[in-house]
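4 protein chains.
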Amino acid sequence: MIIVMKPGANQEQIDGVVHRLAEIGSEAHISTGQLRTVIGAIGDRGRIQQLPWGAMPGVERAVPVLKPYKFVAREFQAEDTVIKVRTAQIGGGVFAPIAGPCAVESRDQLFRTAEAVRDAGATILRGDAFKPRTSPFSFQGLAEEGLQLLAEAREEFDLPFVAEVLDPRDVEMISGYADMLRIGTRNMANFALLSEVGKVHKPVLLKRGFTATVDEWLNAAEYIYKEGNHEVIMVERGIRTFETSTRNTLDISAAPVIKAMSHLPVIIDPSHSSGRRHLVTPLARAAIAVGADGFIVDVHPAPETAQVDGDQALLPYEFAELMDQMRALAAALDYTI
Amino acid sequence: MIIVMKPGANQEQIDGVVHRLAEIGSEAHISTGQLRTVIGAIGDRGRIQQLPWGAMPGVERAVPVLKPYKFVAREFQAEDTVIKVRTAQIGGGVFAPIAGPCAVESRDQLFRTAEAVRDAGATILRGDAFKPRTSPFSFQGLAEEGLQLLAEAREEFDLPFVAEVLDPRDVEMISGYADMLRIGTRNMANFALLSEVGKVHKPVLLKRGFTATVDEWLNAAEYIYKEGNHEVIMVERGIRTFETSTRNTLDISAAPVIKAMSHLPVIIDPSHSSGRRHLVTPLARAAIAVGADGFIVDVHPAPETAQVDGDQALLPYEFAELMDQMRALAAALDYTI
Amino acid sequence: MIIVMKPGANQEQIDGVVHRLAEIGSEAHISTGQLRTVIGAIGDRGRIQQLPWGAMPGVERAVPVLKPYKFVAREFQAEDTVIKVRTAQIGGGVFAPIAGPCAVESRDQLFRTAEAVRDAGATILRGDAFKPRTSPFSFQGLAEEGLQLLAEAREEFDLPFVAEVLDPRDVEMISGYADMLRIGTRNMANFALLSEVGKVHKPVLLKRGFTATVDEWLNAAEYIYKEGNHEVIMVERGIRTFETSTRNTLDISAAPVIKAMSHLPVIIDPSHSSGRRHLVTPLARAAIAVGADGFIVDVHPAPETAQVDGDQALLPYEFAELMDQMRALAAALDYTI
Amino acid sequence: MIIVMKPGANQEQIDGVVHRLAEIGSEAHISTGQLRTVIGAIGDRGRIQQLPWGAMPGVERAVPVLKPYKFVAREFQAEDTVIKVRTAQIGGGVFAPIAGPCAVESRDQLFRTAEAVRDAGATILRGDAFKPRTSPFSFQGLAEEGLQLLAEAREEFDLPFVAEVLDPRDVEMISGYADMLRIGTRNMANFALLSEVGKVHKPVLLKRGFTATVDEWLNAAEYIYKEGNHEVIMVERGIRTFETSTRNTLDISAAPVIKAMSHLPVIIDPSHSSGRRHLVTPLARAAIAVGADGFIVDVHPAPETAQVDGDQALLPYEFAELMDQMRALAAALDYTI
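Residue numbers (our numbering), protein chains in the order written: chain A, 471 to 807; chain B, 471 to 807; chain C, 471 to 807; chain D, 471 to 807.
For reference, chain A alone in the conformation it holds in the complex (with noise of 0.2 Å):
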C-alpha cells in the first residue's frame, strides 16, 4: 500500500501513519518530495488493506500495490486451471463450445435443441430452471421439473449440463442434478450464494456482473475458491455502457486481461452481451481468435416462441454453420475444439 500524504502534512501526522502500521507489525518508506509524502507500508498485505488509511488525519488517499485476492491470482498458481466436465474439458488448449437453450421449456424444445446442438459438436449443454427475471410478471422458469428434463436430456444425448442457481437455498437441489453450476451476472456480489456454491464439488460458470470490474469478478471467485471448490471458470458476458445499440458491451479485452492476471480458464457468452441474433456469430469467432477457453451460446429451434431472451437465439442451422467456422479457426490457431 502507498500512502500519499496531503500537501501540509505535518511530522505529527506523518509518525501516525508510521506508528499505525507498527502496531500492526508492518514497516513504513517515507519518501519526501517537494510537493508530498508518501509512505510506502510493506507487511501483511489483508491487515494493510483493512485500515481506513483514507479517514487518518494527513492523508490524502492510499493506492494499493498489490490485489486484494490471492488464491485465484497467477501468481499463486503459474499454470492454467484445466476443468473436466464429465467427458468434456474446458482450458488447457481446449475450447469448450457450451450451448442449448436459454431456459428449458418444454420437453420438446429441449430435446430438439439438445441433439441439434450435439450434432454441430457442442460438448455441453446449457438449459436454465430457474431465470431471474427484471419483472416479477415474467416466466421464471420450469423449477425442479426443468432439471429433471435436463438430466435425461444428458442421458439420451450424452451432454453434460450447466443449470443457474439463484438462491442459497437452492444449491444442494440443484447440485443434484446438474454437471456445472452457473451463477449469473446479477448474483455476482451475492455472497452468500458464492459462499453456498464454493462448499459443492461441482465446477462453476462465474458471470461477471454486468457492472463488475475485473478486480471484483475475481474477487468474486476468491469467494468460492476459499470456500474449497477450485472449478470455477470465468464467464465474460458484457458490460453496461451507455451504448445501446447492443443490450450490454462485451468487454472482449477481458478474457486476455483476467488470462494473465489469473491461472482460472475463461469463456466468453455472446447472446447476452449482444442481445442479437446477428451478432451472436461474429462474437463467437471473436472469442477463440482472442483466447478465450470457450462460448457459450444461446440456441432454439423457434426463437420467435421463446419465453426468454428469444432475440439473441440462433436457430439450430445457424448454430451448425457458426461451428463450421469455429473449427476452421480452431485449426488456423492450434485449439483443439
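There may be inaccurate statements among the hints.
Because identical chains cannot be distinguished in the list, a pair is counted as satisfied if it fits within a single copy or across any two copies.
[Claimed, not checked] In the BS3-like style, the derived pairs of lysine-lysine whose C-alpha atoms are separated by at most 30 Å in a straight line are:
1. 696 <-> 672
2. 669 <-> 476
3. 537 <-> 476
4. 476 <-> 672
5. 540 <-> 554
6. 696 <-> 476
Keep in mind that the hints were calculated from the coordinates and are not lab data. Keep in mind the model is a prediction, meaning the values are calculated, not measured.
Position chains B, C and D relative to chain A; hints supplied.
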C-alpha cells in the same frame, strides 16, 4: 408496444405480427410510412411485453410505450406514500435524517454514535450487523450480536433503527429486531431476497443498484410490493460511471425522476455515493434542495479506526453542524425536519 | 510518481528504472516488499510524468502522485478566483444566475426572454449564435447576426451576455461582441480552440466534456490558463452514463470536488444535464445547496416552437418562480444572489 | 416518429400534435390504448425530427423510428463501400493492416519502423505530426517537419500514409502531404473540422469518440459525406466505461453493428483501446474474426523511449509474429490480406 418492421418487411411478415397479436387478444394499428411499417399493439400490457418480438420474422425492434411495473407507478396511486417508522416519518413533507455507524463494531462505538446523532436531531438510527464485502477476507459484521446491541440502543436513545439484510434465510431473524430493513446496492436484483422481504411487515429501504437504471430499480420495488409489503423507500446512493474522483456518482436527478414516476418516497445517501468525508455535507444539503424525503448518513466517533468505510464517516460534531444547516434549509423550503 | 515493478522483476530492471530517473535529474526511493518492489520517483513532475514507464522492462505500472495541472490547482493559489463580467460577479460568495434562450432564433424571441430573465433577477444573459448539432441537417444558429441581436439586447436590458465559440477561426470575431465566451461540452478537448481562447481577454465558461473526468476537465482549464487567460469558470453539465431517464447524469458532486482541488469558480447547468423541463427547478435549487457559484438555465417564451432543445427550456414564469426559491435558499445559506 | 402522449392528455392536446404535423405536411396515425394515446407521424423525416415534440403540451416523449443520417446508411447504398489508398485497399474482402509509430519523433525512428512494418506485410503506414495531448505540457508532435519525413518514408518504402488532422486551419496543408487523413477520437464531434475534411479528396479514417454512441459516430460520418467526401472509414478504438484494467473498453461488437447499419468499412484500433502492449495481439486477431476490414496498430523500435503512448506499442518482431497469425486467420476466413 410499438413494433417497427424492417425496411424490406413483406406483407406476410406484417400479417404474422398482426396474427400473433390477435392470438393474445390484442389489436394491431398499422401505420405505413415511406421507409418503414410500424405496428401499434393495443391490449394487455403484460402479455404483449413478454412475447419475443425482436425474434419474429421481419421485425426490426419493439419499443415499449408503457413501463413494466404497475403498483409502484404514480398512475396506480396518485397520492404520495408516507411511511411511519415508530416515532419517525418519511415523506409527506417530513424530511427524515437517518444516521449512525456504517457497521456496528462494539457497544461503546454504537452507543456513542447513537447518542450523538439523536442529540443532533436524527430520527432513525442506522447500523449494520451483516456487511457484504468485496473481499472475503474483510470484516463481515457482528451478526446477531450486532442486532442485539442495536435493539439496546433503540431503548436507550428512543430511536428506531434500520439494518441491512443480505440473505433470504436471515430475513425472519433480522425482522425480529429491526424497525426497518435495508436491501443493499449489490442485492437490488437479488429477486429471492426481494420476495422474502416482501412478505414481512416492516418498511424497507431499497438501495439502488449502483448499476441499475431507474426502471430496473422501480421493478425491484415492484417485487417487494407485489408480495404484500407496500412500505418501500427508494434510496439513491450513486451509480457507477467513469468518474473516479468520487466512489460513485450521486445521481441526484433520480430523486425528482422517481417522484414523478412513482408514489414512493426517495432518500439520498451522500456517504456511500461520495466515499469522501468532505463531500458528505454539501451533498446532504443538496438532498433537501432537490426534493428528497430524507438522507442516510454514516457517522463514527473515530473514523480512523472504523472497520468499514471510515473514509466517508462524519464525526459527531460535523453531523451536528450539518443538521443546523439542514434546519435552515428546511425552513426555507417549507419542510418539517 | 510511484513505479510498481512486476513480481519477477530482476535487479537489472530495477537499476534500469533508477538509471532512467537519474538521467532526468530525479531521485529513486526503493521499497522492497515480499511480492513487489516499488520505486518512488522524486524530482521534476513534468519530466517524470512524460516518460513511458509502462513500456520499460520489468515495470508493471506507474501511479502518479501529483496531478498533471499546476496553475489551476488549489495548491498554486489558495484563495478563490472571483470573476467580474461587467456588472455581474461569479464567485466570492455571490451566486450568479445566468439565463436565456439556448439559441438566438429572432429579435422578438431574444428580447422577450432577456426582459423576462432580467426582471426575474438573472445577472447574465445566455444565447448562442453558433450551435454544434449532432446532425448536419439541424439548425446551426444565426451566426454573426445572432451576435448583433445579443449586443442590442445587452444595451436594452443592461445584461452582459455569454455566447458559445465553436471554431478557432471565429474566436476574434465573437470576442468583439460577447462579454464572456463559452466552450461547449463537445469542444472541451479541442485543444486548438482552447489555446485560441486562452489568448483573449474575456472570461470563459468551460463546460465539462460529457465524457471527461474531473482531471481532464481541469487540464482543459490549464490549456486556457497557461496562454494567459486566467478567468475560467468551470461548468458541470452532466456526464454520459447508462441511465436514460435524463439526457445526461448531472454529476453534482463535481462542484465540491472542483472547489477542493482548484481555485476556479464552478457553476451548474441543470437544463442540458437533465434535458427535461420538470427537472430544471429542483436541480437548480440543488446547485446552490451544494455550494456552486451559479447556474446557467435555458428559458424560452414558447418552448414548443424552439429550434434547439425546447424540451428543457423553462417558461418565463417558471424561471421567476425558481428565482424566488433561490433567494430563500441564498438567505438560508448566506449567499448573495 | 412515434409521439407518446401523457396518461391524462386531452383531445385538445392530441389535436395540437395533429395540427402541428399537418403544418409541415405530415400525416398523423392515432392509436388509442387504455392508458396512452400514441400518434405515428408519417412524412418528411428531417422536418419531423427537428420539432421539439417533448416540449408540446400533453406529450410524454417522442420515439424516432428512423435514424437521423441518410447517406451513410445501408438503406441508401446496399453494396459495401471499398476504398483505395494508392496501392492499398480497405474493404471488399481485403483486410488492411495499417501500422507505424503513434507519433513521428525522428527520421531514424520513423524509417526503422516503416521498414519493419512494410517487411511484415502492412499496406499503409501510420505516423502523426500533430498530437492532441491531455496536458498542455506534453510533446505535441513535429508538425510540418513530421509530414515531410512521412512523405520521404512513403517514397523509400512504397507505403501510403495516414496522418491526424486537429485543426480546420491545417486541413489543406496536411492534405498536401498525406494519402489519408485521420480524425481523432477527441474531434469526432468537432463539426467545424468534419466539414473541412469533407471538402477534401482524400480518404478519411474517422475514429469513434470514446464517448460516442454508434448513432452519433454515423452522424459524424454524415457530416463528412454530405460535403462531398464519400471515402470515410470508421475506426472503433474503444469507449470509456467504468473498467480500468484497459485504457478504454474495445467495443468489438461495433464492427458488425456498423456493417449492418452502414455501407462504410470499419477497422479496429487494438493499441489505443487497450493501452497495453500484451493485449494488442489478441485484440488484433479478434478484429479479423469479427469481420472488420482492417486494423491500425502502433509499432515502435524502442517503446521505452517513445514520446507518446509507448506503453502500447508493439516491437517490430512482435508485429511480424502478429502478421503471421493474421495470415493464418485470413486463410481460414477467406479474406485477402
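| What hints, given by number in increasing order, does this structure fail? | The structure breaks hints 2, 4; every other hint is satisfied.
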